[in-house]
Amino acid sequence: MKDVDDKFRKDTEKQVPLREELKPRKVTTPDGQEIDIDPLRDYFCDAKPKVHPKAYSKIVEDFYNWARSNSLWILGFGTGCGAIEMRPLMTPRFDAYRYGIQWRPTPRQANLLVISGYLSVKTLKRAIRAYEQMPSPKYVMGLGSCTINGGMYWDSYNTIKRLDDYLPVDMYVAGCMPRPEALLHGFMELKRVIREGKGEGANTYAENFDQYKVNQKAVIKDWDMPDYNW
Amino acid sequence: MRELLYRLKDRYHLGTPTFQRDDLTFVTVKRDELRAILTELRDVEGFTHLTFLTAVDWIEEGLFQLTYMINNREANQSLGLRVMLTREDEPGATTGDTIHDLWPTAATYQRELNEMFGINFPGSPRVDEEFILEGWTDLPPYRRDFDTLAYSQQTYRERPGRGRSDPKAHMQETLYPDYPKPREAAHAHKEEAK
Amino acid sequence: MFSFKPDRSQYPEPGPDGKLEIDLETGKYLKLWHGPNHPGITGNMSVELTVCGDEVVDGKTHVGYLHRGFEKLMERRTFIQVFPIVCRVCVPEPDFNEYCYAAAVEELADIDVPEMANWIRTLILEMGRFNSYMMAMGGISGALGLGVVGQWMTYTRDLMLDRFEELTGARIYHMFILPGGVRAHLPEGFEARMEEVLQTAEKYLADAEKLMFHSSVFKTRTKGVGYIDPALFERYGVTGPNARAGGVAKDVRKDSPYLVYDQLEFTVHTETESDIYARTLVRYKDLQETIQLIRQILRKMPKTGEVMSNLPNVLHWKIPRGETYIKGESSRGEYGYYLVTDGTGYPRRINVRGPSYTHAMALLEHLIPGTNISDVAALMVSLHTYPPEIER
Amino acid sequence: MSLRDVLSPFTAWKHVIDTPVTIQDPFNREAADRYRGFHQNDMDKCIGCGSCEEICQNDAIDMVPVEGQNAGPGDSGLRPMIDYGRCCWCALCVDVCMTGSLTMSNEYTWVDSDPDAFRFIPGVDGKSWDLEPKGYQREDTRRLTGTTRAPMGEMEPEARIGNFDEIVDGFTREQAVIEADRCVECGLCVATCPAHMDIPDYISKVRDGDYEGGLQILYETNPFSQACGRICTHKCETTCAAMHEGDAIAIRWLKRDITDNVPRERYFDLIQKPDVPETGQKIAVIGAGPAGLTTAYDLARKGHKVVVFEALDKPGGMMRYGIPEYRLPYDVLDHEISVIESMGVEIRCNMRVGHEISMQQLEKAYDAVVLSIGLHQGRSTRVPGSEKAEAAIDLLRRITAGEEVPVPEQVAVIGGGNVAMDIARSMARLQKVKYDKVGVTITALEELDRFLADAEEIKEAQEEGCVIYPARGPQEITLEGENVTGLRTWKVKAIFDDEGRFAPKYDEADEMVHPAQMVVEAIGQMSDISLLGAELTEKLEWNRGRIMIDADGQTSEAWLWAAGDVTSGPDVIHAVADGHRVARSVGKMLATKREKLQ
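One line per chain: the protein sequences are A, B, C and D, in this order.
Numbers in our numbering are just positions in the first sequence, counted from 1, shifted up by 11.
Numbers in our numbering are just positions in the second sequence, counted from 1, shifted up by 18.
Numbers in our numbering are just positions in the third sequence, counted from 1, shifted up by 627.
Numbers in our numbering are just positions in the fourth sequence, counted from 1, shifted up by 2.
To be clear, the hints were calculated from the coordinates, so they are not data collected in a lab.
For every residue, glycine included, the Cβ atom is placed at its ideal position computed from N, Cα and C.
Be aware that a few hints might be false.
[To be verified] With a cut-off of at most 27 Å between alpha-carbon atoms, the simulated DSSO-like pairs for lysine-lysine come out as follows:
hint, chain 1, residue 1, chain 2, residue 2
1, C, Lys655, A, Lys37
2, D, Lys136, C, Lys930
3, A, Lys209, D, Lys129
[Unchecked claim] With the C-beta cut set under 10 Å, the calculated list includes, among others, these residues of chain C facing chain B:
hint, residue
4, Gly691
5, Trp944
6, Val967
7, Thr985
With the hints as constraints, model all of the structure from the sequences given.
The following block contains the structure:
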């Protein structure tokens, strides 16, 4: 392994210019009206996430948690290599559906985001948007070494090293990549955590929202979306 | 392959070829003759398949090497054409000659080279568009003077709690701590000498 | 038959350089992001579609979501340290990376590989091809709504992963082909268990044939769709099954045999239509051929022998200056590694030539205009591209 | 569109009656036998060499100190800690492991909501898979680092017996590269070397072909590198990581390879005296052996004036007068000493302290005196007739000095150490010249595998025709008038008593008489301390007949140090280490003295 070049300094000066289509401008509509648009403001809803309150009664909350734990709906977004072990889970051999786990095509229908391994900065941006679009209560599961401490891309310039800096993670599964059986173990463990009322990732995110945004913006240099979009 | 190179040698400046395998040869060509050679090889000699186009950064020699790997499918011969470009530090200052009109697929390679090495190919379609990276502001990452670990350390946080000991140093600390460390002794000598 | 012909009169004319000038603010066009989080995309990539009605006017491929900078990472690893990471370049068929890298290093470092290791390597590559084709078959059927074929194919692929696991010690990233040989011999009773898998595969494939190639739905949606003019093959660097579907009977295994392919008998299947149907059919036939090849290899391979040659101490292994290019026929086309060494203990440059690079970028962008939105997924899958090998 | 095309998809329905393929209990599904799962480490086998850490491309392995594992010979006391936030289960660490202690189980499930939990020391932090026998094991003998030592060329016994030419050829460049290439640079050997030479570093210089750089590294810790490259007892090779699954690296021969490959005149350019100011302080060293000259070398390089007093007519001490020429040629030694002299060390030969100059004079004239007189008096067995026996060390000295020594047809040697082998083999050479045949018998108390001599010395002695009788205790040197006729020995039953004291027991029934016209005693040496004079002997503190010194070699007198064999033993490299230690101590004292004066 080559030694690190101590003299190398990252370029912190240069800024990424805003893309042309995101700049505020005047537009003529098909029916001839002229309107001002500011894409970054107009196209998104801009409000901070809120902490999801607990039910008044413990019994009711326990019931909710039981119900939540038994309907883990996963967003079918294969962010990295681990996605390839999802297919055996979706299909009869490992059949995760029997445990109430299924894959959904859109974040609006999902409550579990599985980060399947490394996240490049480009995907991180999409993953954040996908996560924020998911309805609360929602959970994040990190697969493999890469989400824990960088994994084998520990020295890569383009992948994040610690997922928990950018998204609140409820469960990690070790492996590179984890086997479907290990994933199922992870889902079962996540269910247990949710049943115990400890699946508080979404609330953590809402509580420490500003810190998460600082971390996210530190690596996503072309941040061209509002801070919160759902 | 040798006959082909002999034929070309009359009209073009070729470097000494490397016959790597029976079906693979590398040869250096001059930049201003590249296009003519490529066209001739493609249209006359049957080297119709551009396998890949990539660059090698010879930073010590101040050169970028472009490797055009072309393949004659009928004869099963691959020929790697090397073109040496002067290496400019400023990304985009080094330019190559686009061949996207010979092979449209070269446009993709040229986009990548522009992004990853900072070698520009004026006239190549969408060559300035972001290809793989997004919002990249640093040196083109495949350049040798870009240190990926240093960049990573300065950008991302690692999980704390790691630390290592070198067996040699650890044994010295525990078994014979008073003994001067040989390397340090040498440095001490040198410094005294200064 | 119900048919819909869009009114093309309002489409923009391409400029002299072939570029479309699309003014989105006219309201005629819509930008549609097909991916990265989209059920109809293979892996983590995206196609930026500009549509008019449900016809696609323009498509741009966006990659980089999986970029890890392999070629950079390899430059700071020693030659043995590169070995574990090469397989990650392509997730569904990792073994080609291991083979190409190992062969490139062996060529430049002048290392001989034992005969037995070459046979096991060939076996591994064919098993990987089996897996990859299974994924492609499942993918194309899934993209056209034939979910059940996808289920069968994934199941059969998983059985093959079990064989991989007992042979190599891992399911997906096998890390088995070390420079100098392979890690281990076949386990006891491997042939019999492999035969079971192959028979299961054949059973399901026979059913899949009925559901795909004899299905009116499949035929209607694939025949004549996604046609690639064979004249474009060379210009766009089309190789492998995509080219064979257009009548180009080229296969690296036959043309310049590597490993032990010169001792094996197999047919290179071609079709002439060069559309989605033909490409799928070529893959299907090739998959059948692969099953026979695995049987043939297990029958012909020697039973004993060294699997690994002695390496110099890998902790400080230096390779003299040189460059080489090693290629092989992966399930998607020509796969190759370009390795440049400079006499130090680290590679100077490694370039991975993945077939998806040309297929999913320039070729796909060329094919997309004029297709229907609902066919884009099928078109992509039929080109059989894996994004990680595009951006590496 | 045919009817068949419409109907054929419905054939899928036949699978409705299939047995489901679903795995009923996916949670307890065992992975394949050679699955690369979580790591195991056998604490008894692990030596903490760090090769796993070195090869890990993910930087996933840290060598960390572990409670209960202490550093010691051949074990660094460190153990690998693996970060599963980095690991990719490639098993290169298992493949490279020098002892085979690191393995992998086929266990694969580890889920946790705490990301910091995925880090553990296999074998120390108890895990459920610690005893799992299944899992990845490397199939063959290790292929990632070499296991077989490069052959060393040496003269055939027939060719070498009739002369005193050097036996060993030294490595060729190819052999040296093969041998140096095997080193994994763990550095376990450095702790074992008494002088703590930087072995991995100079081996890497051999690999790179940078012999001049290698020589400079050698001279940082050892001014007797040429000698040590030939005759070192190489304790380092007993702790080499490579010895666990193959041959230890031939560290000694690689050192020799460096010294042989630098032209002799280049030594003086490469090893130069540092440009330090003269201190004006003077040190006297008594005895020009390895310890004394190392002390002199170190002190001279610090800017002190050093004078070495040597009783014999050439410097080198035991290296010249104890070790026969076929092991260490004299020209090598002469060159070695000339490098030391080039540091400004003055060597005065034929200056026997106590005769030509007294201790009192030295004390007055010099700031410090270092006593490194070695062990030049042979011990005697004191069996009947032993007054007629020769002392090995005495004979060796006479052979070196070129004096005439009696060479009878048959010689019996008592002793099983290196000195015994040296004298036996020297006598064998002289016999060969004189009679064209060898008649040397070696007897020792120990069994052959317990001999103190190096194994290769014993082997070579036997090859040259010396006959070894192990486990035989000398009883009498038989005489016929004034002439020795033989050596009578008994079979040894035990050397030590139950409490471990030296008290040999013999089987009197098993008696042998080894006919010999000369019996040589080589059972150990002592130093001749008569040079100290009665007054000083009285003043000094003693410990069982040896001068008492502190950890730095200083005696109870503030101006007097003792180094080398006279205080510790038993070989050149120990003497060098001792010389360094004494030089540091002397240097410290001199510095304090200088400060006081200013």
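Checked hints:
no. : hint                  : in the structure
1   : C/Lys655 <-> A/Lys37  : 18 Å, holds
2   : D/Lys136 <-> C/Lys930 : 24 Å, holds
3   : A/Lys209 <-> D/Lys129 : 26 Å, holds
4   : Gly691                : 4 Å, holds
5   : Trp944                : 20 Å, violated
6   : Val967                : 5 Å, holds
7   : Thr985                : 5 Å, holds
In the structure shown, a violation is registered for the earlier hint numbered 5 alone.
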